[in-house]
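Asks: With the hints as constraints, model all of the structure from the sequences given.
Protein sequences appear in the order of chains V and W.
Counting along the first sequence from 1, when you hit position 172 you're at 246 in our numbering, and nothing is skipped either side.
Counting along the second sequence from 1, when you hit position 95 you're at 154 in our numbering, and nothing is skipped either side.
A portion of the hints provided could be inaccurate.
[As the list claims (entries may be wrong)] Now the stretches of chain V that chain W is said to cover, found in silico as 3 or more residues with beta-carbon under 8 Å:
| # | stretch |
| --- | --- |
| 1 | 84-91 |
| 2 | 168-177 |
| 3 | 183-191 |
No wet-lab data here; the hints were simulated from the structure.
Think of the CB as a built atom: it goes at the ideal place given N, C-alpha and C, for glycine as much as any other residue.
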Amino acid sequence: METAVFIVGAIICLVGAVGVVISRNPVHSALSLVSTLFGVAVLFIAQDAEFLAAVQVIVYAGAIVVLFLFVIMLIGVDQSDRLETDPLAGQRVLAAVTALLVAGGLTTVILVGSITGKPSTTAKASTDAPNVEALGRELFTDYLFAFEITSVLLVIAVVGAVVLARHRDVAMADDDYPVEVD
Amino acid sequence: MLLAVLGPTPYLILGAFLFAIGVGGLLTRRNPLVMFMCVELMLNAVNLSFVALSRELDDLGGQVAVFFVLVVAAAEVVIGLGIIVSIFRRRPGATADDLSLLKG
Numbered sequence: 075m076e077t078a079v080f081i082v083g084a085i086i087c088l089v090g091a092v093g094v095v096i097s098r099n100p101v102h103s104a105l106s107l108v109s110t111l112f113g114v115a116v117l118f119i120a121q122d123a124e125f126l127a128a129v130q131v132i133v134y135a136g137a138i139v140v141l142f143l144f145v146i147m148l149i150g151v152d153q154s155d156r157l158e159t160d161p162l163a164g165q166r167v168l169a170a171v172t173a174l175l176v177a178g179g180l181t182t183v184i185l186v187g188s189i190t191g192k193p194s195t196t197a198k199a200s201t202d203a204p205n206v207e208a209l210g211r212e213l214f215t216d217y218l219f220a221f222e223i224t225s226v227l228l229v230i231a232v233v234g235a236v237v238l239a240r241h242r243d244v245a246m247a248d249d250d251y252p253v254e255v256d
Numbered sequence: 060m061l062l063a064v065l066g067p068t069p070y071l072i073l074g075a076f077l078f079a080i081g082v083g084g085l086l087t088r089r090n091p092l093v094m095f096m097c098v099e100l101m102l103n104a105v106n107l108s109f110v111a112l113s114r115e116l117d118d119l120g121g122q123v124a125v126f127f128v129l130v131v132a133a134a135e136v137v138i139g140l141g142i143i144v145s146i147f148r149r150r151p152g153a154t155a156d157d158l159s160l161l162k163g
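Replies: This is the structure we're talking about:
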């Protein structure tokens, strides 16, 4: 049963990932990214991580991809790459070689190496408690400090977004299409 | 709850391939938005590996790590897209090659 779920999820993920890379139109890339994110959510459920699957769909597919699409629409959809030309000589080949080396190296490590970690003694995943409850308990006890730091990070992100989105010059504030003011 | 018939190996290999596709896309594409999407692909590949090892080692710490990665990814996307929008506002149609102002 899990094998079937894994195969279906893996195919969804890989097709989406390849679609992100080879799509000429950024909108198609974003929609392929949704497919990959859903595939990963399916695989999360297959591994008993139900909370993360829900968060994956809500945060990634719901918020992040919509933000991507929003920006694509904001700056124009005709920014398509010219995929047939190769501005830097040999870049495609080197990128493909690098990707193959990464894939081959990681696969070799996974197949040859062995997992040296020890099973947890304090934070077991396979308890009777539901996944959400166990995860919340873990988050608000052992990882409380990291959780609080995360809130600082989010505040910084909000402030940074406001600073970046602000018009830099009063002279530019009225124009929809500002010229460069130095 | 599904029966745990598969070990972590297939998930880790899938994560490795997703990561490699992300690397290839990041090195190949020139549109800053698509490069950003490739970074998201790589983050998801690592998340998948985290969850696979979390189940293998029966440790919820891996799932907590994925939670934090999600939060950091959300913050990163907000800032990155803000930068991209402000770049495109000044130079419409810019690709990653055009942004060489800081090149040494």
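Asks: Could you tell me which of the numbered hints above are not met by this structure, giving the numbers in increasing order?
Replies: none
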